[in-house]
Amino acid sequence: MKSSIEPIVGRYVNVTVGNARQRIYFEEAGQGRPVVCLHTAGADTRQWRSVLNDEAFTRSHRFIAFDMPWHGKSLPPEGFETEEYLLSTEIYMETVLAFCRAAGLEKPLLAGCSMGGRIALQLAALHPESFSGFIAIEASDFQPAWYDIDWFHRPDAHGGEMGAALVSANIAPQAPDAERWTTLWMFMQSGPGVFRGDLSFYTSDDSLVGRLGSIDTRRTPVHIMCGEYDMTCTPEDAQRTAAAIKGSSLAIMKDLGHFPMSENPSAFRVYFKEALERVTRVPARLMDA
Amino acid sequence: MPRVRNLRQRLDDMAAALERRPHLLRLGRLFNETILIEVDQDEFYLTFEKGRVVEIKEGPSKKLPWRFALRAKGDALLEFWQPLPKPGFHDIFGLVKYGNGSIDGDILTLVKNLRYFKEFMALGRKEGFS
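The listed protein sequences correspond, in order, to chains D and X. Each residue of the first sequence is one higher than the one before, counting from 1 in the working numbering. Each residue of the second sequence is one higher than the one before, counting from 1 in the working numbering.
Just chain X, same shape as in the assembly:
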């Protein structure tokens, strides 16, 4: 499944990029959660501790608890990661609004950490992957 390998690699690269963003580590210093990122049928459980990604587990799993989930269509997420995404693909809430994704679970935890999480997700863009 080459698509899964690429996505896993990208998430690993995003986790590594986080380490080079002192302002994100500062913003995320109280963020200690496991969140689910689901792309098409593939599940990734990212565990954050003090703003760092300490573990990424691949699903599927019915046992791993998560605080909130971002689910997106793979091609939409790839457009989101373009340097200049098209309208509606430029923000995770755009993916949701236009039917290319969904967010569920403890939304308030997401909203309290919204800038941090959005900037983490955008690291896939900044790393320059296509």
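Isolated chain D (complex conformation):
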């Protein structure tokens, strides 16, 4: 009988980002080429549960997914009780880099979804030397909000429940009910103001637009993926972004929305297999040598 204990193991690592000491939770599974996985706004590493449990992937890759500070099992920093949580591109990049250093990861692949995909592309432009390739899922240069982010943090309503009801718009109707509701549960559990603070970064910082042309895919391959039912990062948004990154590849995913690895793992795995293959190329500098 197959063991019911999953291969995923969770631990904590302490890092300093800016002036804040952050105790970051991460979980990992597999062995081989390291892949750091980033969750979306208002959620946590559990979005990656199926990839980390998929032997077809973990046989050749070591997946490490971490909860951003304020998310999942990573606590907010000391003094959070008087702080307005507002994520920024700089803090987000610094957190990813600090995590990779503290976890002892050398040039991992970076796979991020939604705001995680956005920051993956920012890192592809500004810190490519720290990674071996980028998989940007439901990611594009910029989308302004089609909703009022202040809805999600107010004293007279439950931000998590409202956030979940809103993001359900981005889940494809083909998603199995069990995975759909597990995906929404993470938003319902999100801490007060956290989804709003993530969205503040995601919907207001358009600095990536002018940087896409500087991404060198000969050094670090970039693969972009987008679900056809994603209304936040639409296939058109992803196509525009891929067109601006010379040498990048793009997959529009059928029957999937904005949380593909979580909302419908069996539909996603075909596309993720292709993504891992596409970013597993011999880097140009080795070929030059």
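Straight line, CA to CA, 35 Å or less: simulated DSBU-like cross-link-like pairs of lysine-lysine:
| no. | chain 1 | residue 1 | chain 2 | residue 2 |
| --- | --- | --- | --- | --- |
| 1 | X | LYS118 | X | LYS73 |
| 2 | X | LYS86 | D | LYS246 |
| 3 | X | LYS73 | D | LYS254 |
| 4 | D | LYS73 | D | LYS107 |
| 5 | D | LYS246 | X | LYS97 |
| 6 | D | LYS254 | X | LYS86 |
| 7 | X | LYS73 | X | LYS57 |
| 8 | D | LYS254 | X | LYS97 |
| 9 | X | LYS118 | D | LYS254 |
To list a few chain X residues with every Cβ distance to chain D over 10 Å, as calculated:
| no. | residue |
| --- | --- |
| 10 | ARG29 |
| 11 | TYR45 |
| 12 | VAL53 |
| 13 | ILE56 |
| 14 | GLU58 |
| 15 | GLY59 |
| 16 | LYS63 |
| 17 | TRP66 |
| 18 | LYS73 |
| 19 | ASP75 |
The hints are simulated quantities; they were obtained by calculation from the structure and are not laboratory data. We put the CB at the ideal spot given by N, CA and C, even for glycine.
Based on these hints, arrange chain X on the given structure of chain D.
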């Protein structure tokens, strides 16, 4: 006007289906509002009390007050009610984003009751009408 009759029947069926969804009655227990659903030129004023639809009035009317309105193109709403709607037709906000509908009025009341209202609207799909 056969189209209007069909829509009225569908809304009546959705109201009846609500009665068979204990979780929706629980989620909507504080929802006491009249809302407007406008399909093409046809207006329907749905009055909810404690999560139940207690009355549906057909317009047009310039007198009936409503809290928020969902206005949609009829063919888009029919696609929304398909078992597996096409991208952009799968959610009421998709109808709005792609120009097939609009939402106005007290949006915050809608957002506070968003899961309840979306699941109510989706009952037209679950009842299996074409």
